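Asks: Residue numbers (our numbering), protein chains in the order written: chain A, 1 to 324; chain B, 1 to 525.
Heads up, some of the hints might be wrong.
[Claimed, not checked] Estimated spans, in silico, between C-beta atoms of each pair: (1) 173/A - 340/B: 51 to 57 Å; (2) 61/A - 111/B: 48 to 54 Å; (3) 195/B - 237/A: 53 to 59 Å; (4) 111/B - 4/A: 51 to 57 Å; (5) 149/B - 167/A: 25 to 31 Å; (6) 502/B - 305/A: 44 to 50 Å; (7) 134/B - 173/A: 43 to 49 Å; (8) 298/A - 375/B: 37 to 43 Å; (9) 203/A - 149/B: 55 to 61 Å; (10) 11/B - 108/A: 26 to 32 Å; (11) 78/B - 147/A: 47 to 53 Å; (12) 137/A - 134/B: 36 to 42 Å; (13) 118/A - 73/B: 42 to 48 Å.
[As the list claims (entries may be wrong)] Pulled a few chain A residues facing chain B out of the computed Cβ check, cut under 10 Å: (14) 91; (15) 135; (16) 138; (17) 141; (18) 143; (19) 145; (20) 167; (21) 171; (22) 174; (23) 175; (24) 183; (25) 186; (26) 207; (27) 254.
[As the list claims (entries may be wrong)] Pulled a few chain A residues facing chain B out of the computed Cβ check, cut under 7 Å: (28) 65; (29) 86; (30) 178; (31) 182; (32) 185.
In short, the hints are calculated from the structure, not lab data.
Fair warning: this is a prediction, and the values are worked out from it, not measured in the lab.
For each residue, glycine too, the CB sits at the ideal point set by N, CA and C.
These are the residues of each chain, in order.
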Amino acid sequence: MDLLNLLSLTLRAAVSPEAAVLALAAVGLNLHYGHTGLLNFGQAGFMMMGAYGLAIGVLLLGLSFAGGVVLGLMFAVLLALLLGVPTVRLRADYFAIVSLAVTESLRLLFRSSWMQPITGGVQGLQRFGDGFFAWNPIPAGTYELGPLHWNEAQLFLCIIAWSLVVAATLFVRILIASPWGRVIRAIRDNELGPTSLGKPVLLYKMQSLVIGGLIGAVAGVLLAVNQQDVNPETYMPTLTFFAYSGLVLGGVGRTWAPLIGVAIFWMVIAATDGILAAAGGFFPWIGAQQIGAARFILFGIGLMLLVIYRPDGLFVKKGLQRGA
Amino acid sequence: MAREPNLLEASGVVRQFGAFTAVNVDRFDMVRGSITSLIGPNGAGKSTFFNVLSGFMPATAGTWSFDGAEISHLPADRIAKRGLVRTFQHTAIAPRLTVLENVMLGAKDTPGESFRAAVWPPAWKRAERRLAEQAMSVLDRFKLTHLHDTQASVLSGGQRKLLELARALMAEPQLLMLDEPMAGVNPSLRDSLLEHIVDVNKRGTSVLIIEHDMELVQRISDHVVCMAEGRIIAEGSAAQVSSNPAVVEAYLGARRSEAQEAPPTGQRSVTRADPVLAVDDMVAGYLPGVDVLRGCSVELRPAEIIGVFGPNGAGKSTLLKAIFGIAQTRRGSVRHNGDAITGIKGHALVARGIGYVPQLENVFAPLTVLENLQMGAFLSPERWEDGLNYVTELFPPLDRLGSKRAGDLSGGERQIVALARALMLRPAVLLLDEPSAGLSPLMQEQVFDFIAAIRVQGVAVLIVEQNARRCLEICDRGYVLDQGLNAYTGTGEELLHDERVEHLYLGVRNASSSPPRAENCTSSG
């Protein structure tokens, strides 16, 4: 594999709809963790709510595509309430464990044969996104930009997805710069302070959880539309941690961190994949299975180095922005 | 003349932690417009009482009302909304917000703080600009204007206190409750902080303040309330309270009546042996830039009991923690048998024969007493038998406690288990942090007798103690600290009858009124 080939591979990965989906999920996490201090390990659950809400709405209830999306968002709000009302007062680490457990339980519930008539069980649900592509104004054909190429459906999805990422990023930025955001950030720093000044801390945390969860649900909708398929195996906790990896790369709590961080994350994954595949040519004992595992080992080591030497993200020198 | 209605009235307020009653206040009233001080020794329940009144901790029983309305069942934020705003001993500023943002956070009814308004900036932009101006003028009052755009994390401890006070004022409280506003504040900032508090009061805000520095309390208070062991034991003017025998006793421990037997071990002549532990000119603290100890020297010779005394915040516990490698030593040295051990971590010191019993959480509650003792022999399991014989001989009550869970023991029994665990490897030096705190008088007697017995075994003991009088009876020598420096030193007998020690605790300064540390700074050793 030559260098040019590798470069176009990573570039394709960086702008892929999958990267946009992760970036959007990370925008929600940035609001939760970066700004509010809510360590939400269940973002995959919010994505699952969006995706299944759409699929169930369209396939079972006969709703339009837009109706399905609204149903998905409602599912996400329900999950936020279910998760948040009893636990949002807990310390960050407890909340993290509960959010992981609740969303993983939900995933297993959706996967069960008991839920099969509604969720499709292990098979999941397919072909519910036609309504989305019916909106596509782009004429049929192939579109190219340097090494990148799309058909009209892919291009439409890509544009919508990245527009949503930018819109959500700007939305969160406005929120965080507002007096509401000031309270949110103060809660992250020290809950006692805002409480002693009469701010209803639990309400603020719930609002943040719902907003970030809704952004996660939109990411789930995009992922489902992209694949025209919802399946419980897609919404494993690893999905949440991919989003976190991107967020950490970009710098937790920084406006554009989710977008840039996730793009880099996705490029690195694609690049290591390509390099390892090439290395497989020289070392025959590296098979496809080992490549999959090895890239995550490499990436794990990279993340560890990152949090040790660049705890505020790739672009901030250590200690420059660290609070006490 | 019509009596001003009280701003805050509480009755029957009780707060228990398990079987321990931290607060038990029958009646507490605070007059509108006054500066009321809440004083009392460590562990008296002052902060707990504060937390309960302000809604940060649920009460076990009791009702209290603010400005005529009952607030006992309201959550903390609703209480604050009604105009009762508090600060914290360890400031609760938001370190990653700018100084200006911190102050702006204090304002109430800020339009853009609701989510619905936040998404539409034109709805709050103008009000926000006015708020920023108002916040800047408050910062100006506190001389923090030049810092408005910096992150609050870079502020010093004293500046944080100022910022928290400024922020609280933005909420325009009727009652400002300050939990140790002077703790950890650089002396040069103290006066300015004090002026602000008086100024706030002049502008019509009532102030309830927990403070240890009795001199400050006397300067500003209209009314002083003293708590001890969860109860209010005296109230009145500052002079009345500080001369009240019950208050003196709460701070310094009871004087023994003549009828009681003589102390179990007599005072011994000061030995001239080389010190086993020598602390020289130690500067130490926790937060960067905030020194708790500011140059303190202590010597401990073999088989000596040395007491370290002083008002709260003098740096007594920090001295032990710095010796044991928990607090950060910034200057000065610690020597053990002549070897420098400055900054060496605790586990390595245990191996060298230095034991430490912390003030709080000093047993492993889920483990049995025997398991606790096993932990004491962790570094050398082969010495378990020997250690067990040694401590059961020293502390007979251990025999019947063996299989009990340490968490089920009384405070006094826990203290014995903690002492025994520290002695399992037969250390030559033992550091004790307030061994009698929170114990009943009878248990205190027992613990002091045990400590005297430890010394007979040749162990040198360094005790930090609030109960100065009782402790001085078993001490060979004592050091009195004030604001991180050596203030007085002498034999136990001398300090026991030194009136200046009492003054230091209770602030009845001599007529000359010059601070004692200025003249006695170097009297150690």
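Asks: Would you mind marking each hint as holding or not holding in the structure?
Replies: These are the hints, each one checked on the structure:
The hinted window of 51 to 57 Å between residue 173/A and residue 340/B holds, with their beta carbons roughly 54 Å apart. The given range of 48 to 54 Å is broken by residue 61/A and residue 111/B, whose C-beta atoms sit roughly 40 Å from each other. A beta carbon spacing of about 56 Å between residue 195/B and residue 237/A agrees with the range 53 to 59 Å that was offered as a hint. Between residue 111/B and residue 4/A the Cβ separation comes to about 56 Å, which falls inside the hinted range of 51 to 57 Å.
For the hinted restraint 25 to 31 Å between residue 149/B and residue 167/A, the CB-CB distance of approximately 30 Å keeps it satisfied. Remark: the range hint 44 to 50 Å for residue 502/B to residue 305/A is contradicted by a beta-carbon distance near 59 Å. For residue 134/B and residue 173/A, the Cβ-Cβ distance of about 26 Å falls outside the hinted range of 43 to 49 Å, so the restraint is violated. A C-beta distance of roughly 41 Å is found between residue 298/A and residue 375/B, which places it inside the suggested range of 37 to 43 Å.
Range check, residue 203/A to residue 149/B: about 30 Å between beta-carbon atoms, so the 55 to 61 Å window is missed. Under the hint 26 to 32 Å, the C-beta atoms of residue 11/B and residue 108/A, about 53 Å apart, miss the expected range. Taking the beta carbon of each, residue 78/B and residue 147/A are about 60 Å apart, not inside 47 to 53 Å as hinted. Separated by about 51 Å at the C-beta atoms, residue 137/A and residue 134/B break the suggested range of 36 to 42 Å.
As the Cβ distance of residue 118/A to residue 73/B is approximately 43 Å, the hint placing it in 42 to 48 Å holds. Because the closest C-beta pair between residue 91/A and chain B is about 15 Å apart, greater than 10 Å, the hint is violated. Checking residue 135/A against chain B: minimum C-beta separation of about 26 Å lies over 10 Å; hint violated. Taking 10 Å as the C-beta cut-off, the interface hint given for residue 138/A is violated, the closest approach to chain B being about 31 Å.
The interface hint given for residue 141/A is broken, as the beta carbon of that residue sits about 39 Å from the closest beta carbon of chain B, more than 10 Å. For residue 143/A, the suggested interface contact is broken, since its CB lies about 35 Å from the closest CB of chain B, more than 10 Å. With a cut of 10 Å, the hint placing residue 145/A at the interface with chain B is violated, because the nearest CB-to-CB distance is about 34 Å. Below 10 Å, beta-carbon pairs count as interface contacts, and residue 167/A has none with chain B, the closest being about 13 Å; its hint is therefore violated.
Satisfaction of the interface hint for residue 171/A is found here, the shortest Cβ-Cβ separation to chain B being roughly 8 Å, below the 10 Å cut-off. Look at residue 174/A: its Cβ gets to within about 7 Å of chain B, closer than 10 Å, so that hint holds up. The interface hint given for residue 175/A is met, as the beta carbon of that residue sits about 6 Å from the closest beta carbon of chain B, less than 10 Å. The beta carbon of residue 183/A is positioned within 10 Å of a beta carbon in chain B (closest approach about 6 Å), and the interface hint is therefore held.
At a threshold of 10 Å, the smallest CB-CB gap from residue 186/A to chain B is about 4 Å, leaving the interface hint in force. At its closest, the beta carbon of residue 207/A sits 5 Å from a beta carbon of chain B; the interface hint therefore holds under the 10 Å criterion. Below 10 Å, beta-carbon pairs count as interface contacts, and residue 254/A has none with chain B, the closest being about 12 Å; its hint is therefore violated. Here the hint on residue 65/A is broken, as its CB sits about 25 Å from the closest CB of chain B, past 7 Å.
Because the closest C-beta pair between residue 86/A and chain B is about 16 Å apart, greater than 7 Å, the hint is violated. Because the beta carbon of residue 178/A sits about 4 Å from the nearest beta carbon in chain B, less than 7 Å, this interface hint is met. This hint holds: residue 182/A has a C-beta 6 Å from the nearest C-beta of chain B, less than the 7 Å allowed. Here the hint on residue 185/A is kept, as its CB sits about 6 Å from the closest CB of chain B, short of 7 Å.
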